[in-house]
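A.B. asks: So the chains spell out like this:
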Amino acid sequence: MTNEQLKEKLLQVFPGAVISETTQYVTLTVEPDKLHETAAALKGNPELHFDYLFCQSGTDVKEALGVSYFLESTDLRHHLLLKVSTTNRENPVLDTVCDIWETANFNEREIFDMFGITFKNHPDMRRMFLDEEDWVGYPLRKDYVDEVNIIERN
Amino acid sequence: MAFSIYDLTAFNQSIHEALVQNLSPFWALIVEMTIIGLVFLLFYAIVGLFLVYAERKICGFIQNRVGPNRVGPYGIFQTIADFIKLLMKELIYIKNADKFLFNLAPFIVIIASFMAIAAIPFGLGLHAIDFNIGVLYVMAVSSLGVIGILLAGWSSNNKYSLIGAMRSGAQIVSYELSIGLSLVTIVILSGSMQLSTIVEQQRNCWFIFSGHIPAFIAFVIFLIASTAETNRGPFDLAEAESELTAGFHTEYSGIKFAFFFLAEYMNMFIVASMAATLFWGGWMPFHIPGLTSFNHVMDFIPPFFWYMGKTMVVIFLMMWFKWTFPRLRIDQLLKLEWKFLLPINLFNIVLMALVVLMGWHL
Amino acid sequence: MTEEIVQHDIEQEEYLLNMGPQHPSTHGVLRLLISLKGETVANIEPHCGYIHRGIEKMCEKLTYQQIIHLTDRLDYLSAHINNEAVCLLVEDALQIEVPERVKYIRTIISELSRLASHELWWCAFGMDMGALTTYFYGLRDREKILDIFEETTGGRLLQSYNCPGGLMNDIHPNFQKRIKEFIPYFRKKLPEYDELLTGNVIMQERTKGIGPISKEDVISWGVTGPSGRGSGFACDVRKHHPYSAYDKVQFEEILFTEGDSLARYKVRIAEMWESLKILEQLVDNIPEGDYAVKMKPIIKLPEGEYYQRVEACRGEFGVYVISSGEKYPVRVKLRSPNFSNLSALNRMAAGFKIADLVAVGGSLDLVIPDIDR
Chain G
1 MTNEQLKEKL LQVFPGAVIS ETTQYVTLTV EPDKLHETAA ALKGNPELHF DYLFCQSGTD
61 VKEALGVSYF LESTDLRHHL LLKVSTTNRE NPVLDTVCDI WETANFNERE IFDMFGITFK
121 NHPDMRRMFL DEEDWVGYPL RKDYVDEVNI IERN
Chain Z
1 MAFSIYDLTA FNQSIHEALV QNLSPFWALI VEMTIIGLVF LLFYAIVGLF LVYAERKICG
61 FIQNRVGPNR VGPYGIFQTI ADFIKLLMKE LIYIKNADKF LFNLAPFIVI IASFMAIAAI
121 PFGLGLHAID FNIGVLYVMA VSSLGVIGIL LAGWSSNNKY SLIGAMRSGA QIVSYELSIG
181 LSLVTIVILS GSMQLSTIVE QQRNCWFIFS GHIPAFIAFV IFLIASTAET NRGPFDLAEA
241 ESELTAGFHT EYSGIKFAFF FLAEYMNMFI VASMAATLFW GGWMPFHIPG LTSFNHVMDF
301 IPPFFWYMGK TMVVIFLMMW FKWTFPRLRI DQLLKLEWKF LLPINLFNIV LMALVVLMGW
361 HL
Chain X
1 MTEEIVQHDI EQEEYLLNMG PQHPSTHGVL RLLISLKGET VANIEPHCGY IHRGIEKMCE
61 KLTYQQIIHL TDRLDYLSAH INNEAVCLLV EDALQIEVPE RVKYIRTIIS ELSRLASHEL
121 WWCAFGMDMG ALTTYFYGLR DREKILDIFE ETTGGRLLQS YNCPGGLMND IHPNFQKRIK
181 EFIPYFRKKL PEYDELLTGN VIMQERTKGI GPISKEDVIS WGVTGPSGRG SGFACDVRKH
241 HPYSAYDKVQ FEEILFTEGD SLARYKVRIA EMWESLKILE QLVDNIPEGD YAVKMKPIIK
301 LPEGEYYQRV EACRGEFGVY VISSGEKYPV RVKLRSPNFS NLSALNRMAA GFKIADLVAV
361 GGSLDLVIPD IDR
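Residue numbers (this note's numbering), protein chains in the order written: chain G, 1 to 154; chain Z, 1 to 362; chain X, 1 to 373.
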């Protein structure tokens, strides 16, 4: 399926969806409260069938914490970039998708570790890499301060 | 004092007589025991050093390497250097270990292997104790080592060690059966448990030839089971490096580790010499009935060399196994014993009994 | 009464075993917390982060040329391929067309890396299974590849041969000759691998049906590379999203459907044959031309988001860059294959013995720095 067809299809399935296109992938942006529903539909709909989450990344761009989901359909061979973001920096909460794509289990733990985004309904929401008891803060956030280890360059 | 490299009986006799003339019988016995003990200690150390060196060279050969080649010519002093290193190493004491058992375990392992050596006939007249139940004695004593291994695993208070020890226990208890039954096969053929008698009976034809099919089956089973009994690859589950780091001897260091290490090689030496004694005629030269001149040529090689040569061949086979095969899993190991080796062995005993009854052996 | 309670406790009690962070078969500082029932593994909980170096954070303060050299330190056995991903991303973003020569050389070195990596995997897999001799057979052949690397790139393990716009320098005059010597040599040596390990009864028994995982699970867990293809997941990026010179060569995507450790093993062995095939097609046809395009000393990617996927030795490696138009990226996410592969370990090995866990771990071919990043 070409990107144009995919866009049409997405508009059919999700009327009024926010769709843009970067150079590579069609990008679908959703609100946090619609995330789980959209993700489930993306995998469940047989004409979309995004069954492979090949990359899941936390982002901290312009004050908004978000998550990017890179999706591929292994039989239809089309791609989608699903984005969700929240401006709540104090207590960001998103829905988990690890019941849809199992790989999200570890990836969401990593995002929680690095960005402090809590995933609702995640079976095991702990830090992935950093020390669970001692580590303060979320290193990949732009406002993370570590005066000892990070050298500010001008 | 008659000294002949072919028959040391007279030599031993002359020493004995000299001692008895000069000392009371009790002290003569003490002196004799001390001499034999020292000779065995020396022998033990030399064989241990040699086997470690041999294993390294053979392993190197199998793995496209040179093996040790820096310390001394062809690296022959490598194991001595290693031994000195192990002696000088710090003995690490484990805080939560059961100290008494932890220190006792290596000694049990090494004593068990040391005791077995006494009953092995190295040559004509080179035989410390000639029990009339020699086969039974060697089997009984050599299986004591497992107690040491179990103690080592238990007292280390380490989970890997405990798993290794339990594996070793299950393994040795199982494979003891196969070893025993394959030896029983030979005992049926020979009609005696005395090792000197068994060797003497093979003067004309080794048991592996005279007992043909059942003896050969028994030999193969003995080889497999004894490899398992000595905890060597592919049956080295007790120390399975990639699974249990080092298994039962994870927590041991320095000379205590060296004891385990040495005992492993000595056990290998003992089972190999048992294989050589029972199946390949021990120190008996290779004779073909009828070919008198050939047999005379063979007789020129001293018995001790025959004995060592045969033992080394078996040891080489066991080393070859270790460096070629992947390791078995614990359930596969037990399956192999209880589902294959044991039934084959039982059948083989019946077959051997039949062969002996009908007089089909050579 | 008390006996009943004791009995109950023994059945409920789990024997917890820490495998790692220092353990011979985790191939690095990975810690697996294993609950055992006897010798049977009930649950595996990976604890990562023992060599977490914060590479993604470091990347936010580095230029794109510098980032390349950090990607080396992820999966050090496919260092060149990781470098290539960043270079391809930068070139795509700036819409630079690199010369054909560069594409060919990059592909050749990628495939040599893959061969070297799979050889080392074979060594280590044999070690995990307790067959110690494999190690030396594998290293013997890997050495030849590392010699080729050393001559042309200067590095043996981490080549750092790529730069945005091409290569650091041209190939060594001996490059083609050495590879042409290596191909027949390795074609002769590769059957030895089968003789020594693949055909062995114990090895077959230890791996057949061990750690099975279905195609659906593999896709869901994102297990890629040879591990994914062992379950029938067609995930070869070289085939489905060709980059460099992969669209110019004929090769097969190796797929097995059994999904057990033996299938993953066979995929890797078959991939070595395919890599040799690719090398043969390319080595004689390296076109003449420049080895690099002249680039500006300061690279600034246009504002936007970029993603580049390549097929590293252990699966799909991805680089995700968000750029604000500055010389430093805003966010760099490195999608590492081993992280996803590790996540499926519990799914595969739970219910089997400890020895099987080692075999499954070996068949996944985990490289720990790639997990921790």
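Note that these hints are calculated values from the structure, not bench results. Don't be surprised by glycine CBs; every beta carbon is placed ideally from N, CA and C. Take the hints with a grain of salt, since some may be wrong.
To be verified - A partial selection of chain X residues facing chain Z, derived with a Cβ cut-off under 7 Å:
| hint | residue |
| --- | --- |
| 1 | Pro21 |
| 2 | Ser25 |
| 3 | Val29 |
| 4 | Asp128 |
| 5 | Thr133 |
| 6 | Leu139 |
| 7 | Met203 |
| 8 | Glu205 |
| 9 | Phe352 |
| 10 | Ile354 |
| 11 | Ala355 |
A.B. asks: Next, verify each hint and record whether it holds.
C.D. replies: These are the hints, each one checked on the structure:
Because the beta carbon of X:Pro21 sits about 12 Å from the nearest beta carbon in chain Z, more than 7 Å, this interface hint is broken. The beta carbon of X:Ser25 is positioned within 7 Å of a beta carbon in chain Z (closest approach about 4 Å), and the interface hint is therefore held. For X:Val29, the interface hint is violated, the least distance from its beta-carbon to any beta-carbon of chain Z being 14 Å, above 7 Å. A least Cβ separation of about 5 Å between X:Asp128 and chain Z falls short of the 7 Å threshold, and the interface hint therefore holds.
The beta carbon of X:Thr133 comes within 5 Å of a beta carbon in chain Z, closer than 7 Å, and the hint placing it at the interface holds. A hinted interface residue such as X:Leu139 counts as satisfied when its beta carbon comes closer than 7 Å to some beta carbon of chain Z; here the least separation is about 9 Å, so the hint is violated. Look at X:Met203: its Cβ gets to within about 5 Å of chain Z, closer than 7 Å, so that hint holds up. Hint status for X:Glu205: holds, given a least beta-carbon distance of 6 Å to chain Z, under 7 Å.
The criterion of a C-beta within 7 Å of any C-beta in chain Z is not met by X:Phe352, whose closest approach is roughly 9 Å, and the hint is violated. Hint on X:Ile354 holds. Least Cβ distance to chain Z is approximately 5 Å, under the 7 Å limit. A hinted interface residue such as X:Ala355 counts as satisfied when its beta carbon comes closer than 7 Å to some beta carbon of chain Z; here the least separation is about 4 Å, so the hint holds.
Of the numbered hints stated above, those contradicted by the structure are hints 1, 3, 6 and 9, listed in ascending order.
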